[in-house]
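Asks: Once you've looked at the hints, dock chains F and L against the given chain Z.
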Amino acid sequence: MSTTSIRVNGKAPAAPAVGAGIQTPVLAPPVWVDENPSLRDITDDIARPLEARPGKGWYICFGIAFAALLNLGGMVSYLFAKGIGIWGLNNSVGWAFDITNFVFWVGIGHAGTLISAILLLFRQQWRTSINRSAEAMTIFAVMCAGLFPAIHMGRPWDAFFIFPYFPNQRGPLWVNFRSPLVWDVFAISTYLTISLVFWYLGMIPDLATLRDRALGGIKKFAFRLLSLGWNGSQRTWARYEIVSLVLAGLATPLVLSVHSIVSMDFATSLLPGWHTTIFPPYFVAGAIYSGFGMVLTLLIITRSTMNLQRYITLRHLDKMAKVTMLTGMIVSYAYLTEFFAAWYGGNLYERYHFINRATGPYAWCFYLMVLCNVVTPQLLWTKKARTNVTFLFIVSIMVNIGMWFERFVIIVVSLHRAFLPSGWGMFYPTIFDIGILVGSFGLFFTCFLLFIRVLPMIAMWEIKGVVGHGAHKMALSSDEEEVTVNA
Amino acid sequence: MQTENADAMKQHFTSVENSMNHSGEGNGAKGHCKSPKEHLVQIGGPDVPAYWKSMEELENGPRYKGEFPGGLPSADARQETTRRDFLAAMGFTLAAAGLAGCRAPVQNAIPLLVGSDEIIPGVANFYATTCRGCASSCSLLVKQRDGRPIKIEGNAESTIFGGGTCATGQATVLSLYDDERLHGPLWHGKPASWQEIDQHIADTLRASEGSKREIVLLSGTTNSPSTRRIITEWQKRYPNFRHVEYDAVSLSAMRAANAQSFGRAVVPHYAFDKARVIVGLEADFLGTWLSPVEFARQYAANRKPEGVPALHVQFESGMSVTGSNADVRVAVPPSQLGLVVVALLRRIARKAGTPPVAGTQDPIEAKKLDAVADELWKHRGESLVVSGSNDISIQLVVNALNSALGNIGKTIDLVQPSMQRSGDDAAMADLVAKLQRGEVHTLMMHGVNPAYDYPEPEQFLAGLEKVALSISFSDRRDETSSHAHVICPDHHFLEAWGDAEPVESHFSLAQPLIAPLFETRAAQESLLKWVGHGETDYYNYLREFWSTDIFPRQKETKNFDAFWERSLQDGVVAVPPRPTGAMPKDIMQKFQADGKAAVDKIFSEAAAHGSTTGDHFEVHCYETVALRDGRHANNPWLQELPDPITKVTWGNYAAIAPSVAKKLNLSDGDVVKLTAGKRQLELPVFIQPGQDTRTIAVALGYGRSQVGRAGQNVGVNAYPLTSIQGEYRRYFAGNATFEKTGRTEKIGTTQTHFSMEGRPIVLETSLEELHKAAEPEEETVPTLWTERLHGEHAWGMAIDMNSCTGCSACVVACQAENNVPVVGKDQIERIRIMHWIRIDRYYSGTEEEPVSVHQPMMCQHCQNAPCETVCPVLATTTSSEGLNQQVYNRCIGTRYCANNCPYKVRRFNWYNYTENPQFDFNMESPLGRMVLNPDVAVRSRGVMEKCSLCVQRIQLAKNTALQGERELADGEIQTACQQSCPTQAIVFGDLKDPNSRVSQMQRNQRRYKVLDELGTRPNVSYLKKVRNPLETA
Amino acid sequence: MRLQLVLMGVVGAALAVGAGAYQLSRIGIHQGYSPEQPIAFPHKVHAGDNKIPCLYCHYAARTSRHAGIPPASVCMNCHTVLEKQTVEIEKLKEAVQQQRPLRWVKVHNLPDFVYFNHSQHVVSGVACQRCHGPVETMERVSQVAPLTMGWCLQCHREHAKVPVGELERAAVGLKQRQKPAAGLDCASCHY
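Protein chains in written order, with the working numbering: chain Z, 1001 to 1487; chain F, 4 to 1036; chain L, 63 to 253.
Where hints are given, some of them may not hold.
Sample of chain F residues lacking proximity to chain L, with all beta carbon distances greater than 10 Å (derived) [unchecked claim]:
1. Gln364
2. Asp540
3. Leu770
Straight-line Cα separation of at most 27 Å, BS3-like style, residue types lysine-lysine; simulated pairs [as the list claims (entries may be wrong)]:
4. F:Lys749 <-> Z:Lys1082
5. L:Lys241 <-> F:Lys995
6. L:Lys223 <-> F:Lys961
7. F:Lys995 <-> L:Lys223
8. Z:Lys1082 <-> F:Lys828
9. F:Lys961 <-> L:Lys241
10. F:Lys371 <-> F:Lys604
For the record, the hints were derived by calculation from the structure and aren't laboratory data.
Quick caveat: nothing in here was measured; it's all calculated off a predicted structure.
Glycine included, every Cβ here is placed at the ideal spot set by N, Cα and C.
Only chain Z is shown next, with the shape it has when bound in the complex:
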């Protein structure tokens, strides 16, 4: 290798010194792609899934996912025909699987935005090979999330009442801006829009590449349309960089706001177990935790099925595992705080609720949640664990399960024993509760599997920036001084 880049952290050394060829400590540049592929290899590798026929693995996964999706369709139409009664809900427990799934899926989304926006601002290069798929995941997750508020009313044709619009025939009649559900509508729709734009924008250069590779026909036409006439000129790139930075800036607050607002569905109500001020940070941490869990799951599957181990390296998994561990511990802390507050606050109902959470009929959900969200992350302290793919996969699944149950515990356990003991009751899921939950996973994975077939699941241009073919100046738009020394 003829050149190595030296970073002098902090102040840059004076130019003449360089000329004098004084040896300064040499660090290897962080390498995020193994086997040092050529730029062409990168393009080929990443474009392969789009151009070659998919393997058996993909077909099996897709088959299962699609079956689940069909089941979702069937069950939802039955729901619309018959009514919410087909779920296990009752007078005591008005929300259960529906809103649990909603919060769960919104949470999943967060990892994508965090990776693509926040890590971009923090100039984390390792994001380059995972951000595209993570963003895609965000969008599909938010789609799944959006499904539930729509169907949990049982009468989608009335859903439009929740959108404020003027004029209307009713006087006019507005929505209740005090209601967190209305805030949700705004939060989620904003989130979906920004994520979509960000995702699409990030793809344009790659789409252009694909356009140029395409041999013609519908494919070429589609990519031409989508790449908006991208011509990798210097000016284009410069503007492009700025736009993505701006968008990143826009998206960053969303990472925090969206789940904070979702958490207010509960925090602003007066139910013991819901009425808690720590919900917003607690929910955000939980969201990122679950999100990274899901990213891990997805990437571990895809890197092996699409053999992209080169690009999604163990170092990537390691980084993600670290984030998971951190957020996991924030969540555990939140659990502790809740119990402490209940005891310290001395509120009769609050206390009863948390005793009931740990000893009541749903205690098993609580302990499952603790196992998955408190104990599991602790297993990630060792590097060995963080780089063992199978182990990480199991952990990530545990995280997903744990976070789903966290929401279930918060929602159902709080509702089933509220203020008046005469109004207490139990919730038992019906086949439709479970079927629709499974169905939502079907929707999610169907979308994702299609995505990895028709769009580049790794940002080629960003990868190329970090493989270190000198082209990387462009990618790491760093204000740190770059010095090249002849060896």
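Replies: Frame of chain Z; chains F and L shown alone:
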């Protein structure tokens, strides 16, 4: 575009339409000063049933069914609408699917053919009549809307019953619209015309003349004086005629005892309001016994903590409504009940210095009995001992006790006795014997169902086979009438004229509220026809009877027409009592003579069952406030009414004590096989705190095998466990055993947790505190919200926890008033009951001796309503008059409000409960829907609903005030629950008016608000329950 | 060239959506609905030319929630003495003779779940024409008012001295709490 709402609203309009036409025929039905014949057009006459005419939905009904009531455009007169909307639809193909529902179906309006000044479509009239739900014969005021009776209310004119009703009474209006009633007479199971049937019967009766074999009229308690007169006509006409009165749950032992003690075979008229000490012995006088509405009223009036509340001690085996209200409740197995009475009498006799009473043993701890005896003695002449036991020896001792205490003539009135139960077990047993010997030629059965509720139905049926002619007046093919040769269905009481004499010389009139729906005929008319009386029209006969029998006994007016008018209008008439012979004041001497036997019998009885230990139990059969003796089993409102104590709906169970459950490790719903003698029942157990450990309680009235869709085979028939001991029926069985079957059954209970968990929900206080404390400490929780401005009113409600007995009349009243759907057992098990008002029942104390409270709970109409802030679409808001209003067509069904409601009073429509075959109750059948209140929308699927404080009544009253150009008066608006409450525990009114009753109650020092510390600021407040326990030295 | 195409596309789509939305917003509004009646009863002749007061026939409107369609007997009050004969009047008499109730077609159908009480409005002195339009000039009655909630509220607000305009109302609301008026409560029409 609430597609389903169109569905629901169709209900709304349908009912209006029916009514419009309906009133056409219904019109004369209550024309009270005229003969019914002048106007009564028989609906459902031989030609096509008239009331279908207006129900055009009947023909094209299906089109409205389902999710998109508008259906597809069809080629009838609906062209204009469909085309216009279709074009609209074209605008946006996306919306096309939804739009199908947006086409307003053509609505027809069918005016009366002949106008009437009395019937104005949309304006309700109230008419006085008499309840026939049971023999208590309460006086009613029935709301008739467009010719249809739709709501039962108590008649405040009645000095006996006041304005209250019971749950059963409230529900009887639904039985009227039961489409499983017979639509006409049956001859040997086949429809026949009244003429042929009259012919047949006349012939057979003629044949019976001269023969030894008897003609028997077997009826329930008959306290209608005019009907009794008709019966005497029969006795005159047929020397071989006999009238037998038979009550499924009878008091005949009491009547016999009174005959023996006082020389009068009557059921006395009790005055619970005059008693300072009340001792109840297995008598559920607040729930089901004799005249609960009257007694509840007296009882509550007598226990106001502001005065000196009466002491109430209850000895009973199973937990009854009465027991749950008692200051002291002692669990005693039925067989040992006698010992309690004797033990009390022994103590009283000692104090009175009369010769001692035999025996020394005490069934329960002596010092309790001492305390009770002291209290009784302290309040001689103003105490009352009542026993519901049908054992003559117990009743004799009770009589002795009461007369020793000098209660006769004070709290116990034998001069003007009650006529509310006159069944005679001995006569019935004799009849069955006669039947089997074939000595009965003709048997007419009215208001009885022995094949279901007689201890030995087989024997009765065997005998029934032997009669030449058996006639039933039953309104349906039931267990008995299906074996009769002829069924001549009687009217429902809301279709019929009639009168009643619940208490000697207190009369109550009954007038039809609607023309008969089916081809039924008043039983009295049939009887008049068959006896060959000149006057075969019951109305004329009744009027004639009143002019000759009752009119002369009153002094107010000389003009009979005026008297008749007023009587019909008021519904009740009281005349001076008939002269009676002198009453023996003190019967103790007499008792010394013949009481000995009674006491000995009690001892032997108790000894016989004394062995009831370990795995042998006694089974106590009781009536529930909902189903009573079982005659209303097909009434879905009653089936779904939670039992005041166990909160169980749709079915009965074996109530066992918690200790027993532990011992045999049984849990709720385990099905056990109950064996008593040769009888066996299989039914689920229910663990009941306070249940006597040696007794299992099983409710009567369930397990009807032939009654109709709603009541068919719900629960198990417990009558076989009752027996005939000597001359009297016994409602408990000794030496019963039970073993697990291993099966379990779901029990549809509406309240699963019975402890308050130490939360301030029902607050209690003691008399001392009450007299100590001065004003209510006015604690106001700080709030972040700005103070609400109020319009000209601020509606509020106050509920006196001390008066509420938990009788549940309000629950059914609310259901009737507000079109609350019936959801069925399955949905109840899923905790989806729809009742807007529920009565929470909490226990405190030990499992053996629980202290229970009943708390009516409905929407608290919070000023800072938690539901209001969370609804995304403003479907629930607080009105300028403090009502928490729920707007059905704005509700999109997020259920957030219900989750955030601390009182859990909001009800979600999980399904469409109207016109949905899945819920095959009254709202499914077109006839059943005629009971719906047109002033309250029928909610459709996916919307939240809850108590509205009867806003429709508020609006109506405002409107009437507006028309009369006057202000609203306090008490003018009564919510349905308030109106029905026999104890007046519920008061509604304007909190802005400082003099309104509700404001005064809110100033009461017992006032508190449930979960006030949450800062919800409810407009409904409660008055603390006051305990005054009996000090046992 | 391409730009123009794109622009045209966008504009076209916008128009389509706008039109669709407008159509949607008109759903359930049946202004101008004027169905054929079993008897072609001319309000013009009765209420217009002969000045019969509305409440003579629709007497229920004074006391009831329904204005009510007069019973045939009310028609016959006059038509027994009037010798004028037409086919339509024959239909009426025939119906009366056959004791066959007439099935009129309701013209003014309110949306679902609305409780409207005629007497309340009549007694408060609201002219029939205010909602039903100039019926006395109509040969066949047709619906004039949109009968939407907004339309009702307009009048209710005027009477409650609340600004009708959305913005004015908002302004008032921001300045100080409006005086509560029962006529504007949801529960005065919805229960």
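Asks: With d taken as the least Cβ-Cβ distance between Leu770 of chain F and chain L, does d exceed 10 Å?
Replies: holds, 41 Å
Asks: Decide if the proposed pair is consistent with the structure: Lys371 of chain F and Lys604 of chain F, CA atoms, cutoff 27 Å inclusive.
Replies: holds, 24 Å
Asks: Verify the proposed pairing of Lys961 of chain F with Lys241 of chain L, using a straight-line Cα cut of 27 Å.
Replies: Distance ~20 Å between Lys961 of chain F and Lys241 of chain L Cα, so the pair holds.
Asks: With d taken as the least Cβ-Cβ distance between Gln364 of chain F and chain L, does d exceed 10 Å?
Replies: holds, 63 Å
Asks: Between the alpha carbons of Lys1082 of chain Z and Lys828 of chain F, is the straight-line distance 27 Å or under?
Replies: Holds, at roughly 19 Å.
Asks: Given the hinted pair Lys995 of chain F and Lys223 of chain L, is their Cα-Cα distance within 27 Å?
Replies: Since the Cα atoms of Lys995 of chain F and Lys223 of chain L sit roughly 23 Å apart, the hinted pair holds (cutoff 27 Å).
Asks: If I take the minimum Cβ distance from Asp540 of chain F to any residue of chain L, is it greater than 10 Å?
Replies: Holds, because the least Cβ-Cβ distance between Asp540 of chain F and chain L comes to about 24 Å, which exceeds 10 Å.
Asks: Holds or violated: Lys749 of chain F with Lys1082 of chain Z, Cα cutoff 27 Å?
Replies: holds, 24 Å
Asks: Please work out if Lys241 of chain L and Lys995 of chain F have their alpha carbons no farther apart than 27 Å.
Replies: holds, 16 Å
Asks: Need the status of pair Lys223 of chain L, Lys961 of chain F: alpha-carbon distance at most 27 Å?
Replies: With Cα atoms ~21 Å apart, Lys223 of chain L and Lys961 of chain F stay inside 27 Å; holds.
Checked against the numbered hints above, the structure violates none of them.
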